[in-house]
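S.K.: Below, each chain spelled out in residue letters.
There are 2 protein chains.
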Amino acid sequence: MSAVYGGVEGGGTHSKAVLVSAEGHILAETDGPCTNHWLVGVDNCINGINDMVQRAKIKAGLDPDTPVCSLGMSLSGGEQKAAIQKLIDDMRERYPKLSQSYFITTDAIGAMATASDYGGIVVISGTGSNCKLVNPDGTQVGCGGWGHMMGDEGSAYWISHLAIKTFFDARDNLVTSPHDINYVKKAMEEYFQVSDLMGMLPHLYRIFQKSHFAGFCRKLAEGGSAGDALCQHVFTEAGKALARHIVAVLPKVHQDLFSGELGLPVLCVGSVWRSWELMKSGFAQVLSEAQAHGYSHFQKYSLLTLRQSSALGGAKMGAKNAGASLPLDYSANVNVFFSHTFNQ
Amino acid sequence: MSAVYGGVEGGGTHSKAVLVSAEGHILAETDGPCTNHWLVGVDNCINGINDMVQRAKIKAGLDPDTPVCSLGMSLSGGEQKAAIQKLIDDMRERYPKLSQSYFITTDAIGAMATASDYGGIVVISGTGSNCKLVNPDGTQVGCGGWGHMMGDEGSAYWISHLAIKTFFDARDNLVTSPHDINYVKKAMEEYFQVSDLMGMLPHLYRIFQKSHFAGFCRKLAEGGSAGDALCQHVFTEAGKALARHIVAVLPKVHQDLFSGELGLPVLCVGSVWRSWELMKSGFAQVLSEAQAHGYSHFQKYSLLTLRQSSALGGAKMGAKNAGASLPLDYSANVNVFFSHTFNQ
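Chains as they are written, first to last, in my numbering: chain A, 9 to 352; chain B, 9 to 352.
In isolation and in its complexed conformation, chain A is listed as follows (with noise of 0.2 Å):
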């Protein structure tokens, strides 16, 4: 068969793969489960994918017992070299079939290329958070990303925690709660099948799942549409968090990336994004008192979301990492959905 090339986008709740040619085009997709190794542990997570691309290759019409030529992938929880190159290892000897070569990045970079080779901010927010600058010269700065015990902030899991540790906080009149607790209380209680707090203690400690958890994210997403004013509230927090990621890496930006007609680029990737009008007031604010406060050439600044997996930006990766170049037509990838331009 002619060269194909193979790529992953590994997330905390799903992920996909994706199968290109040489000529940047999609040959087949599939979905699959979360596939963060420190979440599901290695074999889970190899297993996952090794499924994913093979069912990929029978959608495509390939023979699964041909490798591709390298199998480019995006994850959540691909930072750690040693862990990386376990996984590749695992991988390779495992399922020899799979792939001729192996590439690991993640899952922030493997959305930017997908998005630009220009570089630019990617915030992601699905059932954990992470940020990412990478400049013009390929250098990269992150923020956040380490996982819902020491960060996550902005995250449908941050959100999450943060609505149900209000009821908690004021039930045990600990801290007071800025607004009514009755919609988060039985959202809680309806989503988690549970009577009581006492009830919530399985959820957080034994059968804990921070997929399951983050989940309940899309209730009060419902809630803040429909009104809600502590639902309103968390997400107006996750956009202050979300945005504070960002502010933490505007002193590495490079000076060019703030000059496009897009002014600063902001990828956005992640299940949460799709609360953006939620989110927005807090987002704006946190940005705006930055730009105030020492950054007068920050001038203008827009929001990304990709159209395409980030399986594709690791496909493209994947592909170089093996001496192939996948061409990709970057603007049919990318959605430009809100600018702001600072007062002068």
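It is worth saying that the hints were derived from the structure and are not from the lab. No residue lacks a Cβ here, since even glycine has one placed at the ideal position from N, Cα and C. Don't take every hint at face value.
[Unchecked claim] Label pairs and their computed distance ranges (CB to CB): (1) B/Ile215 with A/Lys105: 32 to 42 Å; (2) B/Asp71 with A/Asp97: 31 to 41 Å; (3) A/Ala300 with B/Asn52: 53 to 63 Å; (4) B/Asp188 with A/Gly331: 41 to 51 Å; (5) B/Gly331 with A/Ala237: 49 to 59 Å; (6) A/Glu230 with B/Asp39: 12 to 22 Å; (7) A/Lys94 with B/Pro186: 30 to 40 Å; (8) A/Pro144 with B/Ile215: 38 to 48 Å; (9) B/Pro41 with A/Asp98: 32 to 42 Å.
[Claimed, not checked] Dumping the calculated BS3-like pairs for lysine-lysine here, alpha-carbon to alpha-carbon at most 30 Å: (10) B/Lys260 with B/Lys194; (11) B/Lys328 with A/Lys173; (12) B/Lys260 with A/Lys173; (13) A/Lys248 with B/Lys173; (14) B/Lys193 with B/Lys248; (15) A/Lys260 with B/Lys94; (16) A/Lys328 with A/Lys94; (17) A/Lys173 with B/Lys67; (18) B/Lys227 with B/Lys248; (19) A/Lys328 with A/Lys248; (20) A/Lys67 with A/Lys328; (21) A/Lys193 with B/Lys248; (22) B/Lys260 with A/Lys194.
[Said to hold, decoys possible] Partial chain B-side listing against chain A, Cβ under 7 Å, derived: (23) Ile92; (24) Phe200; (25) Ser203; (26) Asp204; (27) Ala256.
On the provided structure of chain A, position chain B as indicated by the hints.
M.R.: Then chain B, alone, in the frame of chain A:
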């Protein structure tokens, strides 16, 4: 043999067992590891308890095959009724020679039973944290005690986490540290045997052990005592957090508890209280603010520590549940380490 009553204090890191005679004399004491069933599971919890009590029988020269009259357990994590019943059922089935009857209460109530039969406020800060008001009429009001995912403010876990989070956030430029981070950085690298932030991820996820993570607090206490400003800061914050638990239950404190010689008695349990000098300013500040804002009858408070394991209070409650009354000399069981009278 004459009547022997057993008691257990089960903590998030260490546990203790005690055997008491009908006259209230301690016959033997033994130590064991964490017996918080939320942390170690039901099997490890009840194995640990059986092992400690059986060793205590042998130490006291008793026949290990003869059950004690009652076993009263004061357990961290001993809140939820269904979970407690399961622990008791499993113990009865697996270890028929352990005890004739069983009783489980929380670590807070067991501590209070060791200190007084009149009530007061218990503030636990060990691996985790918890606060419980016991009024003279026996009614209880709690605050906190939800574990590290939803609370534990002011605990050793929380202090360790706050210090490490401050370091992560400073490195990420997400939040500026109020003080130099170098001591915390070095202490963290040494305690967890890591060379960078990435190295901390396994300690936060794959091999996370709450008790080991919380143990880092000791290094921070050393740093604070040696003058490190960031270490002092995290303990000041812990002092504030623990005091906020007291403020949370203040509205429910029975009038009589304010009017004793000691003022409001606050029983302080757990290893973090050994760092009282580092927490004092934050703790006193929060209580003074609360007193100034509407608690004019709150004129004085005293902080007490136990001179005996709360396994003793557990034994007393277990005996009472079995129809026996253990005479305890409360004045010999506590020590007043701090008193404060507010300015008029």
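S.K.: Look at each hint and say if it fits the structure.
M.R.: Status of each hint after checking the structure:
1. B/Ile215 with A/Lys105: 32 to 42 Å: holds, 33 Å
2. B/Asp71 with A/Asp97: 31 to 41 Å: violated, 57 Å
3. A/Ala300 with B/Asn52: 53 to 63 Å: Check passed, 55 Å falls within 53 to 63 Å.
4. B/Asp188 with A/Gly331: 41 to 51 Å: holds, 48 Å
5. B/Gly331 with A/Ala237: 49 to 59 Å: holds, 53 Å
6. A/Glu230 with B/Asp39: 12 to 22 Å: Violated, at about 51 Å.
7. A/Lys94 with B/Pro186: 30 to 40 Å: holds, 38 Å
8. A/Pro144 with B/Ile215: 38 to 48 Å: Distance hint for A/Pro144, B/Ile215 holds at roughly 39 Å.
9. B/Pro41 with A/Asp98: 32 to 42 Å: This hint holds: roughly 34 Å between Cβ atoms.
10. B/Lys260 with B/Lys194: violated, 44 Å
11. B/Lys328 with A/Lys173: This hinted pair is violated, its Cα atoms lying about 37 Å apart.
12. B/Lys260 with A/Lys173: Given that 30 Å is the threshold and the Cα spacing comes to 22 Å, the pair holds.
13. A/Lys248 with B/Lys173: Distance of about 18 Å is within 30 Å: holds.
14. B/Lys193 with B/Lys248: Satisfied, since the Cα-Cα distance of roughly 24 Å is no more than 30 Å.
15. A/Lys260 with B/Lys94: violated, 56 Å
16. A/Lys328 with A/Lys94: holds, 21 Å
17. A/Lys173 with B/Lys67: violated, 46 Å
18. B/Lys227 with B/Lys248: holds, 20 Å
19. A/Lys328 with A/Lys248: violated, 36 Å
20. A/Lys67 with A/Lys328: Judged against 30 Å, a Cα distance of about 24 Å means the pair holds.
21. A/Lys193 with B/Lys248: holds, 28 Å
22. B/Lys260 with A/Lys194: holds, 26 Å
23. Ile92: Violated - the Cβ of B/Ile92 stays beyond 7 Å from chain A, reaching only about 11 Å at its closest.
24. Phe200: Given a least distance of 13 Å, the restraint on B/Phe200 is violated.
25. Ser203: violated, 12 Å
26. Asp204: At about 10 Å, which exceeds the 7 Å cut-off, the nearest Cβ of chain A leaves the hint on B/Asp204 violated.
27. Ala256: At about 4 Å, which falls below the 7 Å cut-off, the nearest Cβ of chain A leaves the hint on B/Ala256 intact, so it holds.
Figure legend: structure checked against the earlier numbered hints; hints not met, in rising order: 2, 6, 10, 11, 15, 17, 19, 23, 24, 25, 26.
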